[in-house]
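Enquirer: In order, the protein sequence lines correspond to chains F and B.
The first sequence begins at 0 in numbering that gives the first Met the number 0 and counts up one residue at a time.
The second sequence begins at 0 in numbering that gives the first Met the number 0 and counts up one residue at a time.
These aren't lab readings, by the way, just hints derived from the structure by calculation.
Only a predicted model underlies this, so the values are computations on that prediction, with no experimental measurement involved.
Here a beta-carbon is modelled for each residue, glycine too, at the ideal position from N, C-alpha and C.
Some hints here could point you the wrong way.
[As the list claims (entries may be wrong)] Dumping the calculated DSS-like pairs for lysine-lysine here, alpha-carbon to alpha-carbon at most 25 Å:
1. Lys242/B x Lys313/B
2. Lys233/F x Lys342/B
3. Lys147/F x Lys233/F
4. Lys443/B x Lys327/F
5. Lys147/F x Lys258/B
6. Lys279/F x Lys242/B
[As the list claims (entries may be wrong)] A few chain B positions that, by computed beta-carbon distances, are all more than 12 Å from chain F:
7. Lys48
8. Val62
9. Tyr108
10. Trp151
11. Asp194
12. Lys242
13. Pro253
14. Asp304
15. Gly309
16. Arg312
17. Gln354
18. Gly367
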Amino acid sequence: MRRMIRLMLVAGSIAIDCRAQLPDGAGKAIVQKACGTCHAAEIVMGRAMSKEQWNTVVADMVTKGAKIADADFPQIVDYLAVNIGPQAAGGGRGRGGRPAGGGAGPSDMHVVNAAAADRGRTVYIAQCVTCHGPTARGAGDGVPESQKGPDLVRSLTVLHDRYGNTVGPYLRKGHPMQSGRASASLTTEEVADLSHFLHQKLNDTLRSGPYSKVLNVLTGDPAAGAAYFNGAGKCSGCHSPTGDLAGIAKKFDPPTLQQQFVFPQGRGGRGGRGQVSTAKPVTVTVTPASGAAVSGVLIALDDFNVSLRDSSGDYKSWKRTPGLKVEKHDPFQGHIELLDQYTDKNIHDVVAYLETLK
Amino acid sequence: MTFKKTSATLTLLATAMFGQVPDPAKPPTDSWPTYNGDYSGRRFSPLAKINASNVDSLSLAWVYRINTGGGFGGAIKATPLVVDGVMYFTIPDHVWAIDARTGREIWHYTWESKGGMHIGNRGVGISGNWIFFETPDCHLVSLNAITGKERWRKEICDIDQMYFGSMAPVIVGNHVIVGVSGDDLDIPGYLESRDSETGDLQWHWNTTPKAGEPGSETWPNAEAMNHGGGMTWLSSTYDPEMKTIFLGTGNPQPVIAGKGRKGDNLFTESIVALDVDTGKLKWHFQPSPHDTHDWDAIQTTVLIDGTIDGQPRKLVAQASRNGYFFVLDRTTGKNIVTSQFVKTNWAKGVDRKGQPIADPAKEPQLDGALVSPNQGGAANWPPPSYSPLTELFYINATRAFSIYYIYDTDEKPEGWGGNDRGGWSESMLEAIDYRTGKVRWSHKWEAAGGRSGVLSTAGNLVFAGDPANNLVALNATTGDPLWHANLGNGVSNGPISFELDGTQYLVVAAGDTMYGFAMLRK
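Excised from the complex, chain B in its bound form (with noise of 0.2 Å):
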């Protein structure tokens, strides 16, 4: 086949395909605009100068370091936003603006911390000439995009709870939609919006439910359901049409020690369809029900607008980190697909809403109980990428055991109360087919550990980090490694990928450095 033919053919697919779309913010090809690239959640660039057949002269444009000292905290897990050629992006407490052309630094925000835990930072968000980003101390903080100067800061959470800030803001239209995060004490998740202008409370979401109300039936008492944890760690996705945000949320509170929250758990462990103006709860999803080992259900919930048996639906999709797959109608939050993407031994079926039916003998034990995957999961923040074009959807995905020990037998464990030690794993990019839940092809990498986020594109390309610091591109359609470039550091974000005059360029994260990649060949 020639190249050239098959890349008109999938540009003019794309274009197809995102006439259908109608998001307002459907994906520029000039910019990076939300922590996802889009409200979808894709991360499908519809960009194909760089494609499978001339990846191989993808060249290094430019290279920026943070020199912030390295080290504890100091690596880029933020995804870049890109907006008329500056690129903004972030670690806990500090805030860059950079040329996406150049990588030469324009500010350096620097916020002065009163602590937290400093342990990542997604990235900022940005509306008109304000960027929106959380900080380790429980704030969110508005800047200048253009100076790097700040215009307020807002208290969201409490850190002598324990909470912190990482997440990347969502904006939709004046509402800056913000999670928190933090396990170590039990207490309970919550979503906001706050007004783009004032930093002011728009509306508040809890995870858990009040005494009475809908999902309280599925815990012992308040108490526990107040203490109930459920955090909100990563970035909403967003249906402009149904006005929806999408979210899956984070692990029950106590961790792992849960004969005090007997029950369901509800909304732990959840996809949410919430409204955006109101924060209501639309429907729910459970994808671990009374969990006890720490998988939260964070995973981005990405937008598919496809067919199922050959009818258009609106859906949505998770790689979870429990190793299941579900995909779900996002107007109804009905199941429609659930299967594993790598095999696990914590579950005896699924239950007639898709749901995993936990095995008991798998909870965490005293003397101990082999279960698969470990803590880390199966998937965990790194984002995923789904492409219109092939219709995969692709996780760096990891098989492990490791074992599940009780170690608080007070009537009451609070905390954790146990935990998972030691452990095998083994790691792959997987490419799942959302009709059938089918894992397409898996390229099996050859060491273990290292997680990355992954990109695809309409060059028939996927890009993800491999655990021997490779950023790799792979044939889309068929898994094959075509590029590598050794980054020295693990690929520690998500890549991304926009073009400006011209050139399409490729940027991914690894430790304390930003690389910009470029097809500079003309």
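Just chain F, with the same shape it has in the complex (with noise of 0.2 Å):
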């Protein structure tokens, strides 16, 4: 067993050398300066994402305050979906192993092997659940006073704990289990998997857990979505069910579905930036004061300078003056004003409407 305990030391500390580095692949120069800013590698390491999911996640950030050009969104989507995760060369760790919890934490943390964790869960149910609760976060409020026992989750014991070497001196102390047996007579192997049961828990309570994940928003009325489909929310002005949202439901499951329905963009909004996932760029048409108007795809617009990409492709560029007049077109502008509009029991009533167009 110590053997064994000295090899999950050693995976460890690969995690360790993994703080510092993304795997090598196309676009981690970008995905580094785009979301190193902010975040350790290990934000990312180990999440089993698609690529879809990766696209908003990525778009979440530009709205948290990511900097994000557009010719790099893609790339850096690219990259996350093919290199990161347990699909990834390498290897990822998700849930088996080091949460993806940013980095929090200390470089030894524990790093659960599944296999043991499952084994573990045996130990716990028979010794320890009617105490500490299913979930190990302590017993519920149903359980007589005399057999409540802490929230192990929280418990520093636990936090402490490598492998065992907290948990298992405590328990050798004495400490009451639901069989009768002698907490002392518990094997080095069943307190090292016991060990991994319980940080499998405190894991599954990270932002990055297993449980992060909408449950269900098939909550409305899906004639009431009609309605509003048709009537205050003026979506039928530019969609119709059996044209570009035939079929819709079938392509997203419902949480998707909600949100590209109230974040169409797909980018977090980024006024004044063209779009990537979809083909309705903002586009952008640029008067001089002598010369013919030039329409494009807006490229870049702040207070001093503005771009477009035309449609054979050219770039352009120009330093913004009073005599030049931008007009900015965003193809998504109808849906931003709902945010004002809608309440949620609309948007829950289109997404069972949406969900009936299969």
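Put the two chains together into one complex, using the hints given.
Expert: Here is the structure:
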């Protein structure tokens, strides 16, 4: 068993090496620049997410302040989808390993072995669950006072533990167990397995944990959603259930459908930036004081300069002066205006309606 | 108008204003000795050699790139300190001393890390010849300012509980005020004072109360309280006359799923006044009672010596992450102004104490609730500024929407238990009238995203970063953009200004590089 612990410690040290290093791959430098401003590499390591999920996460980050150039956006998403996660070469660490907690916690933190945690669950259910509860968060209200054990996820003995090195000595001192067996009789292997299980429960509470997912957004009334779609929401002015939205519910699961409908920009609404994942970019028309108007896909706009790519693929850039007219056209302006108008019920109703479009 | 005359008037006015402030650490012109420049948190420079009429002549004087490999964790979020012509700044695990006139490196100290969140470090504190900084693995470290050699290290938090250090220590006399960061696990926040000579503990203030203490009535039970969060992420401000420090505290834990912590959850997301010598709580005001949106109320609590209804008042102001701007009487904590500095949708109104009343329907829901602002907030850690000349409070603000979800349906959610997703946002630099809370002017940036700190100066200028990587100088009175430099990365800290040998410098960080601008034209 000692050998096993040593092996796991070695695995832990590999995790340390990963702290500073993202896997090599196309786009790594861009990811480091865009994400590394705020995050340690661990925040992405071990996240088994699809390209679509990464798309959502990276767009989220833009709304939270990430500076990501349009051209970089798809490269970042591609890099993350290809190089990060269990499917990636080199192996990521998902639920079974070190949590992708953004680098929180010590470098030598316990790395969970999933098989050991499964064995530990068996020990836990046989000896501990009555007093400490099914999620190890302590006994529920229905448990008699005499059997109420504390929350083990918040236990300092567990938090300071590595592979049983504090949990083991604690149990050897004698601790009541539900089978009546003496806690000191737990084998080193059983203690280590229990430690893996408890650390897994701890990891489950982190932001990156396996339960960090949307559960059920289908709570609305499809008929009310259809009425809103065709009425107050004015959705039918641009969209049709038999046209662009035909079969939309087959393309997206309900949580994604909800996000796509409320935030179709997919880019966190970077006003003035072109779209990447959609065929509907923000466009701009620039009219110099003398000369013809030029229109194209907006590349960049600030108080001082504007640039676009025209239909022939040419990049053009101007200094903004009082004589230069700049008109921006955001194809999602209607959706942006809805943010201030609709209620949560409207949103849930429309999602329920869109879900009928299979 | 001729600017010379205005400039002279402004300078006179500035002198008069500062003459009224009995602060021993009044803003010096040849240094920037604390995180916020002075104890007030105003980030106002009384210098006017760089001003609204000549800022278009501002030149690049030097560039210093940190060369630590860049990438993850490598952005300079620290506000540099400048003392005796030397500039000190940090990123996580690193401290530099560089020549403030030239950007030349004097020394570079590297800390060997045992882990912790490397999301950012706000900078150092300095007292005499000693530098103080926090590390991601929970240490307070003191260095010799001349040599960069370590004097001592003290553990200030438990890395196994996922605490980490990121704030810039504040030095008051022999007190080194240190805060703690971290909101992955359900752990309590606290603030400590450490002895500047030895690093030993002088006092410890817990954000959440113990059973039976004032504030405990706002929690359902002792366990929720003992694991209730409230981190002390940012540097306090200080009123020497009152011997009182002011700060905002972080979000309650669990962060999003709040059903196990019913009640207001004091003193999380609160503006608090503490005795600097004892750490004893004098008063509190809570911007977000029982928050479930991660809206830490940690934004700088700016001290304003102003007037209300013609009467001189000692005030404290905060543009809070939840979208509300608050002005309080800092001697009593009583609310004077509550207003929205961006439009929000989460509150039903304001109670008699001036605190927003949360709408339960806008708490995170299983099927999602559309909330504004988003988790990033209307403001975040980047520091605001207040100019006593324009009497305006400047903040790089964000208006954003996202959908908040509950993920954890357990009877006892822990950690986060939910999150927000998606979003749309717009960004603007705002100037707020502290007497009314009304936005006097708002300069909307053409793009969204990106946040930076703000500096105002007696040159009638405001310096801020825009979302397109520009450092922009705006007219402090009107909000008109006057000058810019595209730095290739977004402005990642709060700009500072100081004068050496008759030259006014303006220093700002963008990503892994520090830029020194100066009025080199004679």
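Enquirer: Against each hint, give a clear statement of whether it holds in the structure.
Expert: Now for the hints, and whether the structure bears them out:
1. For the given pair, lysine 242/B sits about 13 Å from lysine 313/B by alpha-carbon distance, which is consistent with the 25 Å threshold.
2. Restraint check: the Cα-Cα separation between lysine 233/F and lysine 342/B comes to about 24 Å, which is no more than 25 Å; the hinted pair holds.
3. At most 25 Å may separate the alpha-carbon atoms for a hinted pair to count; lysine 147/F and lysine 233/F exceed this at roughly 56 Å.
4. Distance hint between lysine 443/B and lysine 327/F is fulfilled; the C-alpha atoms sit about 14 Å from each other, no more than 25 Å.
5. Restraint check for lysine 147/F and lysine 258/B: the C-alpha separation of about 21 Å stays at or below 25 Å, so the hint holds.
6. About 58 Å separates the Cα atoms of lysine 279/F and lysine 242/B, which puts this hinted pair outside 25 Å; it is violated.
7. No Cβ of chain F comes within 12 Å of the Cβ of lysine 48/B; the nearest lies about 24 Å off, and the non-interface call holds.
8. The claim that valine 62/B lies off the interface holds: its Cβ sits roughly 17 Å from the closest Cβ of chain F, which is beyond the 12 Å cut-off.
9. Distance check on tyrosine 108/B: its Cβ is at least 18 Å (rounded) from any Cβ of chain F, clearing the 12 Å threshold; non-interface status holds.
10. Chain F leaves tryptophan 151/B outside its interface by the beta-carbon criterion, the shortest separation being 21 Å against a cut-off of 12 Å.
11. Aspartate 194/B, annotated as away from the interface, keeps every beta carbon of chain F farther than 12 Å; the closest lies near 27 Å.
12. Its beta-carbon lying about 35 Å from the closest one in chain F, lysine 242/B satisfies the requirement of being farther than 12 Å from that chain.
13. Distance to chain F contradicts proline 253/B as a non-interface residue, since its nearest Cβ pair spans about 8 Å, not more than 12 Å.
14. Once the 12 Å rule is applied to beta carbons, aspartate 304/B is consistent with being away from chain F; the minimum gap is 32 Å.
15. In this structure glycine 309/B is separated from chain F by more than 12 Å, as the shortest Cβ-Cβ distance comes to about 38 Å.
16. For arginine 312/B, the requirement that its beta carbon stay farther than 12 Å from each beta carbon of chain F is met, with the minimum near 34 Å.
17. Every CB of chain F lies more than 12 Å from the CB of glutamine 354/B, the least distance being 24 Å, so the non-interface label holds.
18. With a cut of 12 Å on Cβ distances, glycine 367/B falls inside the contact zone with chain F, its closest approach being about 6 Å.
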